[in-house]
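Given chain A's structure and the hints, the job is docking chain B onto it.
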Amino acid sequence: EAGVAQSPRYKIIEKRQSVAFWCNPISGHATLYWYQQILGQGPKLLIQFQNNGVVDDSQLPKDRFSAERLKGVDSTLKIQPAKLEDSAVYLCASSLEGRQETQYFGPGTRLLVL
Amino acid sequence: QKEVEQNSGPLSVPEGAIASLNCTYSDRGSQSFFWYRQYSGKSPELIMFIYSNGDKEDGRFTAQLNKASQYVSLLIRDSQPSDSATYLCAVNPLLPGGYQKVTFGIGTKLQVIP
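Sequence order for the protein chains is A and B.
Residue numbers for the first sequence follow our numbering, so the first one is 37 and each next one is one higher.
Residue numbers for the second sequence follow our numbering, so the first one is 228 and each next one is one higher.
Treat the hints with care, since some could be wrong.
[What the hints assert, rightly or not] If you want a taste of the chain B side facing chain A, the calculated C-beta under 8 angstroms gives, among others:
| id | residue |
| --- | --- |
| 1 | 259 |
| 2 | 273 |
| 3 | 276 |
| 4 | 288 |
| 5 | 329 |
| 6 | 333 |
Because the hints were derived from the structure by calculation, they are not lab data.
Note that CB positions come from ideal geometry on N, CA and C, so glycine has one too.
So that you can see chain A by itself, here it is in the shape it has in the complex (with noise of 0.2 angstroms):
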């Protein structure tokens, strides 16, 4: 069985500049998160979607941040214009529909904000 894939694995920009992020879930995973892991802190969820509808996004910073999940399969998260407290290494992970409990995580993109 295939992992969550993700892309690009390492990207570096200047503040102001855009940005975006792409996961693959595992195949039949009808859940999607994405995380942001801050250095030394433990994954902060920015986004959940069951299929393709958001089911919390309180903490997405909505000004800057963007994700969607069209059809249901493929994510992707925006970052429209970046800043230097963006740097961070985001997470997606994906479950079963009602199976919150066993996440997998992909490989994340470590993102360096100049």
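Chain B alone, transformed into the frame defined by chain A:
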């Protein structure tokens, strides 16, 4: 008060000893509790989850839950250098509408000294 609190460590134990990792949480309505392991530069991986008060054992790992004290712990017996990682405690409070959201602590860094 943080939702999930952990000592960031590092916690150093000699090889073969028992490592004890602790976590407290603030929401008494929390339903389930998880321990994730995260190696440096890697993504979190689920190692155990527990729902009921008491102990749950899986190989060298034992999770302990005390809902009255809002306390969950992870014991690692016969610690090995390969156990050196950051251990993330995560809690799943039941929110209005039946929605569940996983909240992570900052993680405790464990170092097993050969």
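We went through each hint and held it up to the structure:
This hint holds: residue 259 of chain B has a C-beta 6 angstroms from the nearest C-beta of chain A, less than the 8 angstroms allowed. The beta carbon of residue 273 of chain B is positioned within 8 angstroms of a beta carbon in chain A (closest approach about 6 angstroms), and the interface hint is therefore held. The criterion of a C-beta within 8 angstroms of any C-beta in chain A is met by residue 276 of chain B, whose closest approach is roughly 5 angstroms, and the hint holds. Evaluation of the residue 288 of chain B hint against chain A yields a violated restraint, the C-beta minimum of about 16 angstroms exceeding 8 angstroms.
Taken as an interface hint, residue 329 of chain B checks out: its beta carbon lies about 6 angstroms from the nearest beta carbon of chain A, inside 8 angstroms. For residue 333 of chain B, the shortest C-beta to C-beta distance to chain A is roughly 5 angstroms, which falls under 8 angstroms, so the interface hint holds.
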